[in-house]
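S.K.: Chains A and B are the protein sequences, given in the same order. Residue numbering for the first sequence follows the UniProt record's numbering, beginning at 1 and increasing consecutively. Residue numbering for the second sequence follows the UniProt record's numbering, beginning at 1 and increasing consecutively.
It cannot be assumed that every hint is accurate.
For identical chains, the list gives no copy identity; a pair is met inside one copy or between any two copies.
Stated by the list, open to error - Lysine-lysine pairs mimicking DSS-like chemistry, simulated, CA-CA at most 27 Å apart: (1) 512 with 256; (2) 187 with 98; (3) 187 with 467; (4) 224 with 463; (5) 463 with 98; (6) 75 with 98; (7) 120 with 409.
Note that these hints are calculated values from the structure, not bench results.
Protein chains: 2
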Amino acid sequence: MVFDPWSVVTVLFFCHAAIPAFKNRIISRCCCRIALIRRMSGCIAHMTVLKQLIPRSNSVWKPAVRCVSQSAHRKLLPDDYDYDGPHLVTQVPGPRSKMLLESLDSIQNTEAVQFFCDFKKSRGNWLVDADGNRLLDVYSQIASLPLGYNHPAIVSALADESNLSAFANRPALGVLPPVDFPDTLQKLLSRVAPPGLSQVQTMACGTCANENAFKAVFFWYRAKQRGSLIHTEEELESCMRHEAPGSPNLSILGFKGGFHGRTIGCSSSSHAAPLHKVDVPALDWPSAPFPATKYPLDVNTQENRQEEERCLDKVFQLMQEYKNKGRPVAGVVVEPIQSEGGDRHASNNFFRQLRKLAKENGSAFVVDEVQTGAGLTGKMWAHEYWGLEESPDIVTFSKKMVIGGLYFKEEFRPKGPFRIMNTWLGDPAKLVIMEAVLNVIHKDRLLDNMTETGQVILQGLEKLQDKHADILSNARGRGAFCAVDFPDTLTRDRAVATLRNKGVQGAGCGVKSLRVRPALIFQPHHARMFLDIMEETTRELKSLGT
Amino acid sequence: MVFDPWSVVTVLFFCHAAIPAFKNRIISRCCCRIALIRRMSGCIAHMTVLKQLIPRSNSVWKPAVRCVSQSAHRKLLPDDYDYDGPHLVTQVPGPRSKMLLESLDSIQNTEAVQFFCDFKKSRGNWLVDADGNRLLDVYSQIASLPLGYNHPAIVSALADESNLSAFANRPALGVLPPVDFPDTLQKLLSRVAPPGLSQVQTMACGTCANENAFKAVFFWYRAKQRGSLIHTEEELESCMRHEAPGSPNLSILGFKGGFHGRTIGCSSSSHAAPLHKVDVPALDWPSAPFPATKYPLDVNTQENRQEEERCLDKVFQLMQEYKNKGRPVAGVVVEPIQSEGGDRHASNNFFRQLRKLAKENGSAFVVDEVQTGAGLTGKMWAHEYWGLEESPDIVTFSKKMVIGGLYFKEEFRPKGPFRIMNTWLGDPAKLVIMEAVLNVIHKDRLLDNMTETGQVILQGLEKLQDKHADILSNARGRGAFCAVDFPDTLTRDRAVATLRNKGVQGAGCGVKSLRVRPALIFQPHHARMFLDIMEETTRELKSLGT
């Protein structure tokens, strides 16, 4: 049997116009046929008509006009996951968000809350808030949502009964792992491992990933110093008094502007903002300047090279200084792009030199890919752009990877039981979702999508800054991991609020930057919507005399 | 229409005996009716016959004889979640576990792995391993599984479509919480809050809960010292160089034998075992002796009181010492029962005095209930036994609470945005499971169950140690949170291995203790099975001349 989509449209149209009382019933019966027709017809434009006839209880759906009808693009999601634009019915945050904020504020600090989200109604790149506003999301929950909202592949993995047990029984992975754990790790994490790193350890979040990366560095460094894997009695006894040699005076070198988390170890290696650090005791660990490069990097090569050399010299000096004061640099930790610190980029050569410097100093080289990893830059791992002669020693991940963890070289594998350990060590439930995510990244070529979309974003931002040089500067990016600067913090914060009330959910980073961190399903047509609203926002800021 | 269960049994019996070829088909058709009959008849004994007729693909089910038929007890789980005893088909770990271990070992250290678990086949208190061995679980995944394996209430919450969105969209809770978040926190976490603590902050795990509790303590202490909530320019600037006053010289006082996690801050407050600490840099934080009490506590009151006073004096001295050296004790952290450190108990009076001492010194009083909380001791929070005049300032939780976090007084609420923060700040998916758990705890009176079962365990262990005083000593417990000592580490480790191969999954803690940490659905009849196998194990250890 073959359906003629046009005849169904005609029938539905008449039902809609002439017999309202029977409309819903007839439409409901027709729905399954319509679904079939959608797949069969391939005639996307006609489906817009059908869609408008189908009643939706939720007002957010009503003004929807699918994007696909207006510009052709690669189809990554079902039709009803996309729209021609944002839809605003109140200010953001609206009255319902404000009411919920008051309620939440009675039991915890809410000063960082932007608004409340209705995740049941959110789809793809579109975040719906508590008041029914639909925003184009270029922030993806602090860069942590890989496939946007309610991706069909994730929903389908959750509905699969064979995955139920992973959600119902959270194991202590380090002592009693599930039968499918070795296979799952190999199939998922080893498949996307950074080149050269054969070992992997899951963790619950990025902070624990970094804290444990540092521990692996200290274990490795002390074993080198000691010349043995076996601890001495003196070490085992002195560590209980927090004295050397058991509690060694070792350090991790971080960078000014770097960010690796907010626990005491992570915070001691981070220097992105005083409010992350003030009041919290810190370890005496060195921080080197990160190159204050000029953008575009490839235009300002000579000047940037000098600046990068200055920073590398300072790294070298700090290594000597901390060695001399008996607190040698056991490891260097760096982000491929300083993210919280304000989207600060350096050249591939800078990172190659830094890697060499770490090696020459006998320090481990740890790359924190918590925010840059999992494809947003157009490669699975941002450090793959560097062309390193020798791979990093440890790469940490979380956010868009769904689960936290660290990849590492075999020589960084801890010796003895219970050295890198906590109760859960991650969560197999998150591996179920990660499997769906990695399959979609592969099947839908989302790394290519990020490269392609990133070009649209970056070129768009560059054009905007040419037109509005008094407001915008330093457009920069790798893949869709992009940013642009405003003149100061106040203007940037105004821009974020204005964007939000024009239907774009973005966020700041550093002192005066706007960061773009969409989900991996963010496409060129979304980028163009974002750029249009950026331009409107810029004009509005200018008209207000900002 | 009314079913007569006996007639169905008769029909099934004839089918089973006479027409094997049609058996499965008929049984399959009857299954839905049988389910109905089960609910209707209430005639549990007859169902055993039905159950034996239903073919199961998994051999683990075959030798099952429901426990209910043999001893009457309160029914907490469906019939097919319980058995008369363990079922062993290989050594544990068996050949399949060993094969899986080899595979996992190629990508990470596996020295702490005991065996691999088949969570799909595990039910209630019964853990099934990769080789089909069925063990009575008194360890519950390092004390972290609240309702055992595949509890129907959890399975049902997972199957509920209205919960799907919480699993498909993990939000950044601190900036973009879901619409139901305030209500969920109030309905769940506030409902079971420790008395006096109105505020709550979720976290992903116990380690992050403790690290952030310490941060909240430092914020509060510095605001007191400064006499203002506003940071000075000097603080904001000096913290970036890791210098006072921005990076203050403050300390957390922990106890020898205490354990609060393995990140650098947590590790600096923990003193349970050298292998947790060696090679990792530590902060100069004091550790006081924890009372080496004699058991039973209520028999050795005089001697214990002296020991406790000695420890309290030492706490006082350390507070003075650290004040004098410019590193004052901003907070004291203590577990109600030292868990990893070897199940060490102190009297209620000790904790009341400690709380007073903290208050008098101007230090915050933090109670780490990560392992003791959520009902195992017979109360929701173990510190409720103490009869404190003033509640703790902060109580941390994780493990059986499904999600990590901290309860705290309003005065410990951080001021300003982004002070207690990370990307996820917990996980609404875990709150869905927690809701099911808290409902079951309430509906099935599981706190009472822990008190009742705990009495059976403790009295049983006391009897055993009376009979085998050369092997067992120091039986102790609160609710079902129990332990007993062996003469030394070697014998304890042998006991754990022997128990496992007799069908009990337990674990050690401290130097020579065996800890009992069942799920909240562990009942007196399970306790008796455990005690029988403990006795067998003890006899075997003695016969081997241990």
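S.K.: First find the shortest C-alpha distance between residue 75 and residue 98 inside one copy, then the shortest across copies, and answer within, between, both or neither for a cut-off of 27 Å.
M.R.: neither (37 Å within a copy, 46 Å between copies)
S.K.: If the cut is 27 Å between Cα atoms, do residue 187 and residue 98 qualify within a copy, between copies, both or neither?
M.R.: between (45 Å within a copy, 20 Å between copies)
S.K.: Treating 27 Å as the Cα threshold, decide for residue 224 and residue 463: within, between, both or neither.
M.R.: Result: close neither inside a copy nor across copies, 53 Å intra and 51 Å inter.
S.K.: Checking residue 512 and residue 256: alpha-carbon separation at most 27 Å within a copy, between copies, both or neither?
M.R.: within (16 Å within a copy, 47 Å between copies)
S.K.: Pop the pair residue 187 and residue 467 into one bin, within, between, both or neither, using alpha-carbon distances up to 27 Å.
M.R.: neither (48 Å within a copy, 52 Å between copies)
S.K.: One pair to classify: residue 120 and residue 409, alpha carbons no more than 27 Å apart. Within, between, both, or neither?
M.R.: neither (41 Å within a copy, 33 Å between copies)
S.K.: Regarding residue 463 and residue 98, is the shortest C-alpha distance of 27 Å or less found within a copy, between copies, in both, or in neither?
M.R.: For residue 463 and residue 98, the Cα distance exceeds 27 Å both inside one copy (37 Å) and across copies (61 Å).
Comparing the model with each earlier hint shows violations of hints 3, 4, 5, 6, 7; every other hint is respected.
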